[in-house]
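*Asks:* The residues making up each chain are set out below.
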Amino acid sequence: MTPPDSARFPIVQARALSQRVPTADGELVILSDVTLEVKAGDTLAITGASGSGKSTLLGLLAGLDLASSGDIHLLGQRLADLDEDARARLRAGRVGFVFQSFQLLPALTALENVLLPLELAGRTDARERAAHWLARVNLSDRAGHTPRQLSGGEQQRVALARAFATDPAVVFADEPTGNLDADTGARIIDLLFELNASAGTTLILVTHDATLAARCARRLHLVAGRVQSTVSA
Amino acid sequence: MSIVRLALWLLRRERASGEWRVLLLALVIGVGSVATTGFLADRMQRAMRDEGARFLGADLLVTSPRPVETWPANALATSQALEFASMVSRGDAFQLATVRAVDAAYPLRGSVRIADRAFAPGAPQPAQPPTGAIYVDQQLLPLLDAAVGDTVQIGEARFRIAGVVAEEPGQLGGVFGLAPRVFLRADEVAATRVLQPGSRLTYLYQFAGDPQATAAFATALKPALDDTQRVIGGRDGVENLRDGFDKLDTYLQLTALISLLLAVAAIAIAAHRHARRHYDQAALLRCMGATTAQLRTLYLTQFLLLGLLGSLVGVALGAVLQHLLAGLVLPDTLATLPRLGPAPVFIALASGLTALAGAALPALMRLIRVPPLRVLRRDLPPLPLSAWIGASLSGAVLLALIAAYAGDITLVAGFVGALAGLGTVLAVLARLALVAGRGVQRLATGPLRFGLSQLLRHRFDSTLQLGAFTLALFLVALLALVRSDLVDGWRQQLPPGAPNHFLVNIAPEQQAEVGQWLTERRLEASRLYPMIRGRLVEKNGQPIAATLPPEARDSNTLRRELNLTWAAELPANNQILAGRWHGAQVANDISVESGMAERLDLAVGDALGFQIGDQTINARIGSIRSVKWESMQPNFFVIFSPGALDTLPASYIASVYVPPGTHVMPDFVKTFPGITVLALDTLIGKLEAVFARIIGAIQLLLGFLLAAGMAVVVATLLASLDARQQEAVLLRTLGAERVWLAKGLLAEFLALGVLAGLLASACAEIAMAVLADRLFDLPGRVHPWLWLALPTAGALLVMASGWLTTRHITRVPPMQSIRAMG
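In the order they appear, the protein sequences are chains A and B. Residue numbers for the first sequence follow our numbering, so the first one is 365 and each next one is one higher. Residue numbers for the second sequence follow our numbering, so the first one is 3 and each next one is one higher.
These aren't lab readings, by the way, just hints derived from the structure by calculation. Mixed in with the good hints there might be a few duds.
To be verified - One-sided and incomplete, this derived list gives chain A residues near chain B with beta-carbon spacing under 8 Å: (1) 452; (2) 453; (3) 457; (4) 461; (5) 467; (6) 475; (7) 476; (8) 480.
C-beta: ideal position from N, C-alpha, C; glycine also.
Next up, chain A with everything else stripped away, as it sits in the complex (with noise of 0.2 Å):
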């Protein structure tokens, strides 16, 4: 495996992937033959309308599901050879992610919330890396506080640290403002771009706001699950 500081390795590759569900009136399509690959440091905003499939690609690209057919491979591993475990093993510590209703465990406190990942990854310096992570974010002030005591925005400036506290090779990001006001959702979207900036870290990030999406280097637009364009800036 090339090591992932080299800028031109690929982090995800997909090749003539599809994702086809049975229901109840026969099968439905929800992907059909997307090719993409995403290198090291790169920016990819999926775009798309509701239903396009957009969140459907992401979970695939994550390992968080297996394709019907095709290929991907996340970090030079072919996910299609990995189980459960092994692709969970693939994540630990090395891909970050950021939802559009934070997920953050409503018992822990902002700080222990940026932790778990760390903790779960085994990192011996989890306290320090999570109280600067949260430092990162403006949050140091309210790193004793749940969720529940947390605006939204700040919920997700936790959600942030915690995608960015591992040094992640890869953050997903499924709607990051989908939950969030104008305002609010723009500080996110700069907050999101400079800690991909600084860390080096690559961004794949699912939106339909085309603002956000302007923002990345790469843009793959869905329609019906099938790729319609790829513009790169």
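With chain A's structure known, arrange chain B on it following the hints.
*Replies:* Positioned in the frame of chain A, the structure of chain B alone reads:
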């Protein structure tokens, strides 16, 4: 950080947020009720065993016609006695007596009461009299025209009567043929020179010690004994009590089992809710790279720790509560109840953990199989692949637990079968009831209509809740029914005014005189029954022993002489099971007691031969009948038709009730010196005390079952809390008033409670009909009050616990709830 530490860390964090409260509460109440039931049952059983030992005089009694030289190794306390028949004389009067030569340790359990005159209560003291003295039964005094202080002769030795035996252990065992008792010092037997080679002797070896040692000793002993030797355990002390003990045992088993099942139901529901609330967490951890093994370790650690914590708290709670409640209900007997044993503590702990394992296993397996994709698609359920494995695994665990509790395999099979059947019937009935509710809903208006529509809309949840409520109500009702029928049954066995004196050896010509004496004093007496002693020797022309398998030849019925009687009228406590009662008509027909018929393989139509004196009397079995041995009436194994035994010399027997405080019996003894009076009033008093204790304890246990039933109701309601909250928030946002919502909720709970009550009534009646017959040998009957009580109790219970668990739903401002739900 290791995954175990991570598990503990998450657990600690969630404790602060109250996330574990529901599951912990279910565990504490569940284990608490199992522990309390177990503790009380253990203490009650040991109390009963002690009671039996007091009646027997020892924990274990071995009788043998020969001295036993070697015993299996044991550290038990022992006492040795020798029993033989001998003439006791004073001047011209003489009487056959049963002499028991005892050592200083006799009896090991209970006490012998010695009085200074006849019919006095006396005081407990050692049964071994001072040197040169004996203690005698009060009936011996008039027979010998003697008083305390007089001297009598036994064989070649003379003894002073130092006191009267007012009470001794084992008094009730076969009272009728017994010659009056004499207690003698074991070291003075030789001086009497009455024992000759060939004398009929009974060696009595008593043992006492802790239950395990005694049981181990009994097990080791049995193979070493031959046909002529018998081992009698503490519980066999009094035959009249044995039936009561057996029923209590069955009842306690059933109670423990039911409280365990209720606990399991509560834990299962709480665990399911808990798992559902952690699907997102599990999915997130999977996204972050946690493997299945890591998730399994994580959640197993948490469940195990929680199980331990809940079980420990439950056990402690059980220990405290059983003590408080025992003191509240049985204040006089608290001091005499044995202390809490360590065994039920471990059993309760193990039960708690096993119940949690069994109940939580399916939920846990679903939790660790949550797909990581759930982080993107919240509606994604965990993989259902291994659900059946989880269900069968937990089924096996629970079955093992039930088996461990019930002990008896038929009880387990019956119970599990009944439960499975019940589950299916309940599911169908609950569905049907909900469909019927649709009709009612059309007629209803406002909040009631809304409440009912809520019930119908969540058909799956409603069926589950209805099923759980019904199960809890049904099980508690079942035990309440068994309890009241059992208690009534016992009360009937020992009604106030049950005979407390037996009059034995009434000569035929004394019948009228005795009858008149009793009538003059307005004493209630039984009929006078003639009594002839005889031995069963033949069946259908063959020696009886030859007709039986070797193991049945040891029967007591064959070894000892039986009390035979004749009567034209069936005695009140007897019931014909097969054949026809002979009445006054059929000569040489007999009626045989059902237990004896079973032991000796006798059936209607068999011809039996009895050795009576030097004659053999042949008779045909005309009927088999059941006898209530505990009725304190003269009871007989064999009743002849009138005319068959008329020519043989008979004496008569009767039982009589002498009200407490009426001192007429000394006068009777003076008037009829030849008639033996057996006073059983102290013994009956003891029997009543034992039954009172049993009844009190059973009431206690029932209280605990109610708590376990409540736990199921609360767990079920809490499980549906999240969904209810979401709906309430939506409705309030849409403009529903608080009062309106509250009324709707109450209407829903009311409907659920009433429906569950009705279903439970039906189930309880059916189950009771089966149980009463199979397990408790009680007559079946319908309980109309149940149909009113259960729906009312159900409605109140569900409404109260429902309102307590969900009331804040209507109070929280919608905005706060929406934010809380994130």
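*Asks:* Please check whether residue 453 of chain A passes as an interface residue: C-beta within 8 Å of a C-beta belonging to chain B.
*Replies:* Result: holds, 6 Å to nearest chain B Cβ.
*Asks:* Checking hints one by one. Is residue 480 of chain A an interface residue toward chain B, by the C-beta closer than 8 Å rule?
*Replies:* Holds, about 7 Å.
*Asks:* Min Cβ distance, residue 457 of chain A to chain B: is it shorter than 8 Å?
*Replies:* Where the cut-off is 8 Å and the nearest Cβ of chain B is about 6 Å from residue 457 of chain A, the hint holds.
*Asks:* Given residue 452 of chain A as an interface hint, is its Cβ closer than 8 Å to any Cβ of chain B?
*Replies:* 5 Å, holds
*Asks:* Mind checking the CB of residue 476 of chain A against every CB in chain B and telling me if the closest is under 8 Å?
*Replies:* 6 Å, holds
*Asks:* Holds or violated: is there a CB of chain B closer than 8 Å to the CB of residue 467 of chain A?
*Replies:* Constraint on residue 467 of chain A satisfied, holds at 5 Å.
*Asks:* Residue 461 of chain A was flagged as interface toward chain B. Is the shortest Cβ-Cβ separation under 8 Å?
*Replies:* Holds: closest Cβ of chain B sits about 5 Å from residue 461 of chain A, inside 8 Å.
*Asks:* Take the shortest C-beta to C-beta distance between residue 475 of chain A and chain B; is it under 8 Å?
*Replies:* 11 Å, violated
Violation of the numbered hints given earlier is confined to hint 6; every other hint is satisfied by the structure.
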